[in-house]
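Visitor: Here are the chains, one letter per residue:
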Amino acid sequence: MAAKVVSFTLNGRETEVMVKPLTTLQVILREQLGHTATKTGCRQGGCGSCTVLLNGEPVLSCLLPAEDVAGQQVTTLEGLTPIDGLHPVQSAFFDHYAVQCGYCSPGMILTTKALLDRNSTPSREEVVEAISGNVCRCTGYTAIIEAVEAAAQALKGGQNGR
Amino acid sequence: MGANVLEKAAEKKYRVVGQSVPRRDGMGHVTGATKFVGDVHYPGMLHLKMVRSPVPHAKINSIDFSEAEKVPGFVRVLTHRDVPKNIYTILCLIGVGPDDEPVLAVDRVRYQGEPMAAILAETEEAAIEAVAKVKLDLEELPAVFDVEEALKPGAPIVADTGVNYFIYEGHHCRRVRYGDVEQGFAQADFIVEETYNTKPIEHAPTETTGCVAKPEADGRVTVHTNTQALYFSLDNTALILQVPFQKLHFVGGTVGGGFGGKVDVITEPITTLAAMKTGRPVKFIYSRAEEMQVSSPRSAWRLKYKDGVTKDGRIVARQITSYADAGAYNRHTPYAVTKHAANVAGPYTIPNVHIDAHCVFTNHTPGSAFRGFGVTMASFAIELQMDKIAATVGLDPWEIRFINAYRNGDVRPHRKVAEDVTFIETMQAAAKLAGHDLPEHLLAMNSWDRNGGQHG
Numbered sequence: 000m001a002a003k004v005v006s007f008t009l010n011g012r013e014t015e016v017m018v019k020p021l022t023t024l025q026v027i028l029r030e031q032l033g034h035t036a037t038k039t040g041c042r043q044g045g046c047g048s049c050t051v052l053l054n055g056e057p058v059l060s061c062l063l064p065a066e067d068v069a070g071q072q073v074t075t076l077e078g079l080t081p082i083d084g085l086h087p088v089q090s091a092f093f094d095h096y097a098v099q100c101g102y103c104s105p106g107m108i109l110t111t112k113a114l115l116d117r118n119s120t121p122s123r124e125e126v127v128e129a130i131s132g133n134v135c136r137c138t139g140y141t142a143i144i145e146a147v148e149a150a151a152q153a154l155k156g157g158q159n160g161r
Numbered sequence: 000m001g002a003n004v005l006e007k008a009a010e011k012k013y014r015v016v017g018q019s020v021p022r023r024d025g026m027g028h029v030t031g032a033t034k035f036v037g038d039v040h041y042p043g044m045l046h047l048k049m050v051r052s053p054v055p056h057a058k059i060n061s062i063d064f065s066e067a068e069k070v071p072g073f074v075r076v077l078t079h080r081d082v083p084k085n086i087y088t089i090l091c092l093i094g095v096g097p098d099d100e101p102v103l104a105v106d107r108v109r110y111q112g113e114p115m116a117a118i119l120a121e122t123e124e125a126a127i128e129a130v131a132k133v134k135l136d137l138e139e140l141p142a143v144f145d146v147e148e149a150l151k152p153g154a155p156i157v158a159d160t161g162v163n164y165f166i167y168e169g170h171h172c173r174r175v176r177y178g179d180v181e182q183g184f185a186q187a188d189f190i191v192e193e194t195y196n197t198k199p200i201e202h203a204p205t206e207t208t209g210c211v212a213k214p215e216a217d218g219r220v221t222v223h224t225n226t227q228a229l230y231f232s233l234d235n236t237a238l239i240l241q242v243p244f245q246k247l248h249f250v251g252g253t254v255g256g257g258f259g260g261k262v263d264v265i266t267e268p269i270t271t272l273a274a275m276k277t278g279r280p281v282k283f284i285y286s287r288a289e290e291m292q293v294s295s296p297r298s299a300w301r302l303k304y305k306d307g308v309t310k311d312g313r314i315v316a317r318q319i320t321s322y323a324d325a326g327a328y329n330r331h332t333p334y335a336v337t338k339h340a341a342n343v344a345g346p347y348t349i350p351n352v353h354i355d356a357h358c359v360f361t362n363h364t365p366g367s368a369f370r371g372f373g374v375t376m377a378s379f380a381i382e383l384q385m386d387k388i389a390a391t392v393g394l395d396p397w398e399i400r401f402i403n404a405y406r407n408g409d410v411r412p413h414r415k416v417a418e419d420v421t422f423i424e425t426m427q428a429a430a431k432l433a434g435h436d437l438p439e440h441l442l443a444m445n446s447w448d449r450n451g452g453q454h455g
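Sequences listed follow chains R and P, in order. Note that numbering that gives the first Met the number 0 has the first sequence beginning at 0, numbered continuously upward. Note that numbering that gives the first Met the number 0 has the second sequence beginning at 0, numbered continuously upward.
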């Protein structure tokens with residue numbers, strides 16, 4: 000089977016890539032486009048470290064054939080980061096020590112962004128539910144949950160992210 | 000001296016101690032700019048995948064690579080013949096021996112998943128396909144998976160030394176002898192015996208183990224690795240490859256979760272060798288399945304306690320026989336058992352102690368470091384045993400711990416004098432946090448008062 004051109008919007012920019020059949024979005028992002036903020040913890044949909052946003056919703060890029068994103072909006076952590084400074088979710092993770100080894104952080108932050116976009120005042124249970132697909136093996140979940148709550152407060156206070 | 004010393008220290012304001020300091024690596028982590036080893040890509044980079052043993056114990060008759068070589072993108076294979084010093088043990092750096100583990104298996108495999116040959120290919124997919132096409136002619140051997148079974152006469156022999164235990168200065172175990180346990184048991188009102196077992200635990204770091212080795216124009220090799228022990232890995236790699244240390248440049252410090260699971264120097268020697276043999280950058284990163292199956296887990300342990308206790312709750316003798324399941328090779332377990340022997344009697348002062356701590360070889364995946372290894376499972380057994388003693392004697396479990404707790408100046412079974420001990424203060428603080436009201440006589444105790452020498 001031949002490779003084909005797939006066009007999609009990556010972090011707000013029109014992007015065209017040659018995609019071999021069955022290549023995952025994770026591989027395209029990391030190996031062809033150099034967007035390595037998207038991680039590769041298990042490559043079988045178990046850890047959430049490869050989470051990206053597809054039209055604003057969190058998806059596992061390790062299970063998603065790249066062909067399926069044609070014509071759609073993909074956001075990686077590189078796209079969330081403003082030119083100067085940090086997105087309020089990133090600031091909250093930094094300020095609340097919600098990063099340890101850093102490997103789950105990109106997925107956690109994007110999952111949080113998607114949660115707060117659809118629910119600006121999540122309960123603690125809703126936060127826990129939202130990040131349940133993102134594994135932190137340093138087990139720093141308390142700090143992460145507190146960071147998500149702080150990000151919700153910050154965003155409500157008018158510091159809107161992009 | 001006493002608890003007030005600690006309170007005074009806590010009142011003092013420091014610039015760093017007691018203050019929150021921003022994480023130096025935090026900015027990279029929240030922006031995704033941090034480069035982990037898997038993020039390192041070079042043009043022309045080859046991918047390495049291992050041919051692994053499908054069985055726990057077998058004689059290797061032959062390995063046939065002819066079909067693997069036909070896979071498009073196949074570059075070459077490495078076997079034990081390519082490795083300059085194939086048999087090694089990582090703790091040779093601190094004098095542990097003999098060397099026991101092959102980088103690549105020679106004529107026998109001793110655990111399921113043991114590396115037998117390395118395949119190099121232009122893409123990861125080609126490497127995986129070529130590995131699948133390697134034909135193994137193996138003659139399966141009886142295997143042993145239980146530490147006590149492994150020490151019985153007639154058990155399948157795992158180690159090349161001819162015995163399934165690590166030899167400590169001529170002895171079959173690490174021994175500690177302090178006082179006279181038989182005399183202690185004779186004085187005791189109760190004998191409390193129990194066996195405790197723990198199982199292997201995998202660290203399962205979110206980032207799997209791996210490295211990228213790149214040959215440089217000046218003849219050196221740069222190795223990007225997520226090892227937890229950078230120079231330890233460099234030194235072992237240089238020894239295995241028989242090259243001067245300065246020929247290797249190790250780059251690391253960014254580890255996506257380790258917890259002890261990334262100190263074993265498993266991927267660096269073969270990947271560096273592959274880069275030297277091909278003149279190309281080489282990447283070798285474990286799949287999640289490899290991480291779960293072949294990266295060293297916390298070892299399984301078995302601990303047998305026999306304690307002599309008086310009616311008033313004083314432990315007067317403690318005899319421990321313990322076994323670490325090292326799996327097929329040394330790795331860090333000989334060291335773990337020594338550390339274990341120094342701690343397995345617990346943070347209690349006992350006048351008569353007898354410890355036989357064994358490092359046993361079986362056909363399990365080799366175990367290794369994991370957060371306090373050797374001591375963590377001892378603490379599990381010790382504290383269950385303390386509760387059992389409390390129930391047997393009919394005393395409160397807190398009381399049993401306070402009256403036997405070691406104090407500053409006490410001599411430990413391995414002859415170290417206890418210093419900077421705050422065990423009693425820690426238990427008092429823990430009780431307070433847990434909302435448990437301790438009786439006055441326990442609150443009055445401290446780690447500096449040895450009851451006029453009556454204690455222990």
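Bear in mind the hints are in silico, worked out from the structure with no lab data behind them. Please read these numbers as outputs of a predicted model, since none were measured by experiment. It is possible that part of the hints are untrue.
Here are the computed lysine-lysine pairs in the BS3-like style, where the Cα-Cα straight-line distance is at most 30 angstroms [stated by the list, open to error]: (1) Lys19(R) x Lys387(P); (2) Lys3(R) x Lys338(P); (3) Lys19(R) x Lys69(P); (4) Lys303(P) x Lys387(P).
Visitor: If a hint holds in the structure, say so; if it doesn't, say that too.
Guide: Checked hints:
no.: 1; hint: Lys19(R) x Lys387(P); result: violated, 63 angstroms
no.: 2; hint: Lys3(R) x Lys338(P); result: violated, 59 angstroms
no.: 3; hint: Lys19(R) x Lys69(P); result: holds, 22 angstroms
no.: 4; hint: Lys303(P) x Lys387(P); result: holds, 13 angstroms
Violated hints, in rising order: 1 and 2; the structure is consistent with all others.
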